[in-house]
Amino acid sequence: EASAAGGGQVIVPPGNFMTGPVFLKSGVDLYLQLGAALLGPTNRADYGYEPGRPALVSAKNQSNISISGQGIIDGQGQELMLDIFKKLRSGEMKQDTMCLVKRPGGRAFVLNFNSCTKVNISGVTLKNATDWVQDYRECDGVTIDKITVQSTAYWNNDGLDITDSKNVKITNCFINSSDDGICLKSENPNFLCENVFIDSCTVRSSASGFKLGTASVGGFKNIKVRNLTVFDTYRSAIALESVDGGILENIDIQNITAKNTGNAI
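The letter at position 198 of the sequence shown is residue 230 when you use the working numbering, and the numbering goes up by one with no holes.
Just to be clear, a hint being listed does not mean it is correct.
[To be verified] Keeping only pairs whose Cα atoms sit at most 30 Å apart, straight-line, the calculated DSBU-like set for lysine-lysine is:
| hint | residue 1 | residue 2 |
| --- | --- | --- |
| 1 | Lys291 | Lys201 |
| 2 | Lys119 | Lys92 |
| 3 | Lys291 | Lys92 |
Derived by calculation from the structure, the hints in this document are not laboratory data.
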């Protein structure tokens, strides 16, 4: 209704609210007041079984969208994984061979934005994904400021992923994740991660703090990182990986503080 009226704010008031998937539409700001918690379903069937990777909040081909406020979006990852394993054992969910060997499919992001323009995420806390916490894929104009990510409910929990997007600004964020903290990926040969600026963020990761790759088909261009603090990271403070033939061009990283990391670069 807000989008159809030309845009507006949808407010989540203080309290705990469990929901199925939320689809953000053009012109809408999803505003979580202090004390508000939007909770993901703990029954995997509530996400549906359509192809693709589901998310608690998603948008595709939308413009001028935002999530803001001081509230929490909680994927309830531990509870959801218990249900996924239950459904796998019973045969209700089917898995391909790779998922059985490596990790189960059907897991859910907290946020997933695809082919959107003018995206703004600010202030909120994102918690407990069963997959990547958030992915911005083939988007143009993404601003992420002062968000907190606490996601160690499962593994493969990248804190923040930018996939083949351009004109991105990430500032003043705190990320604690069970996989790469801030990770840029390129999975489309016709796209790049381009014109990305990251400043004044703190990352704790069970993998790498700031990473380009591993997926690097198109590549990375004009990436600037400043004032990054990385700590208690098992792999690298900074990882620059181009294993799929993509370009690494004009990568400028300065003023990094790294403590207790597997390696620096």
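Taking the hints in turn, this is what the structure says about them:
1. Lys291 x Lys201: The given pair, whose Cα atoms are some 25 Å apart, holds under the 30 Å limit.
2. Lys119 x Lys92: With a Cα-Cα distance of about 28 Å, the restraint between Lys119 and Lys92 holds, given a limit of 30 Å.
3. Lys291 x Lys92: violated (38 Å)
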